[in-house]
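2 protein chains.
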Amino acid sequence: MEDVISCNGNDLMAVKDALHVLSGNWKLQIIISLIGGSKRFKEITKEIIGISDKMLSKELKDLEENGLVTRTVYDTFPPKVYYTITEHSTSLKPLLTELRNWGKLHRQVITGKSKLYSK
Amino acid sequence: MEDVISCNGNDLMAVKDALHVLSGNWKLQIIISLIGGSKRFKEITKEIIGISDKMLSKELKDLEENGLVTRTVYDTFPPKVYYTITEHSTSLKPLLTELRNWGKLHRQVITGKSKLYSK
Numbered sequence: 004m005e006d007v008i009s010c011n012g013n014d015l016m017a018v019k020d021a022l023h024v025l026s027g028n029w030k031l032q033i034i035i036s037l038i039g040g041s042k043r044f045k046e047i048t049k050e051i052i053g054i055s056d057k058m059l060s061k062e063l064k065d066l067e068e069n070g071l072v073t074r075t076v077y078d079t080f081p082p083k084v085y086y087t088i089t090e091h092s093t094s095l096k097p098l099l100t101e102l103r104n105w106g107k108l109h110r111q112v113i114t115g116k117s118k119l120y121s122k
Numbered sequence: 004m005e006d007v008i009s010c011n012g013n014d015l016m017a018v019k020d021a022l023h024v025l026s027g028n029w030k031l032q033i034i035i036s037l038i039g040g041s042k043r044f045k046e047i048t049k050e051i052i053g054i055s056d057k058m059l060s061k062e063l064k065d066l067e068e069n070g071l072v073t074r075t076v077y078d079t080f081p082p083k084v085y086y087t088i089t090e091h092s093t094s095l096k097p098l099l100t101e102l103r104n105w106g107k108l109h110r111q112v113i114t115g116k117s118k119l120y121s122k
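Quick mapping for you: the protein sequence lines, in order, are chains A and B. Using this note's numbering, the letters of the first sequence correspond one by one to residues 4 to 122. Using this note's numbering, the letters of the second sequence correspond one by one to residues 4 to 122.
It should be emphasised that the hints constitute simulated quantities derived from the structure, not laboratory data. Hints may contain errors.
Each pair may be met inside one copy or between any two copies, as identical chains are not told apart.
Result set (SDA-like, lysine to any residue): computed pairs, CA atoms no more than 20 Å apart in a straight line [stated by the list, open to error]: (1) 49 <-> 68; (2) 96 <-> 20; (3) 107 <-> 90; (4) 30 <-> 108.
Here chain A stands alone, though its shape is the one from the complex (with noise of 0.2 Å):
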């Protein structure tokens, strides 16, 4: 694993980088509900269940900080507001790909049902 993840600092930062933007409750659920489209902020809450007006109010403004969501407001009356995921945001596939195939694992493994570390 020596190869993977160095002790000298960079490596590990940028493991502590992916891990600070995307952990929490509800970021990657945000990126998820609006992979089918644009979404208004109304639409997502009523999607995503138990998230607070604030919360993903909160949760927008990370995601538009860290390059993964955009908003839009269309000048109309009353002026629409629609929120979208951005080409930065289809980078995470990999990575998406890899944290669903390890959480798989490791619920097997700790639940009981992986006999792969039995000797």
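Got chain A; can you put chain B on it based on the hints?
For chain B alone, coordinates are given in the frame of chain A:
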């Protein structure tokens, strides 16, 4: 991206599982510190700058519960305790690679050093 993460819940749960186990400031640093070989508590605190005894103790317990680290007590006088990463820890390798890759890309995008998404 829809083929990777569907909204049906199972995939999302797996992703959340993985993030839950790995998030926080210290867990991956502890695993990385143990890659070189088993270590005693004090040896780990010396290697990881800024971690308190209380925090290391909590994190090691979490890692043990998740099957990523084992704690072995040697019946010497005084007793010696060593922490070792498990085989399950090595299954993190592809995920750590992707976290590192995406973290690096993300920092480049955010700092404007990447021309990836320029029009």
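Now the hints, each set against the structure:
1. 49 <-> 68: Neither way: residue 49 and residue 68 sit 23 Å apart in one copy and 35 Å across, limit 20 Å.
2. 96 <-> 20: Cα proximity of residue 96 and residue 20: in one copy and across copies (16 Å, 17 Å).
3. 107 <-> 90: Result: close only across copies, 16 Å inter versus 27 Å intra.
4. 30 <-> 108: between (22 Å within a copy, 18 Å between copies)
The structure does not agree with numbered hint 1 stated previously, though it agrees with all others.
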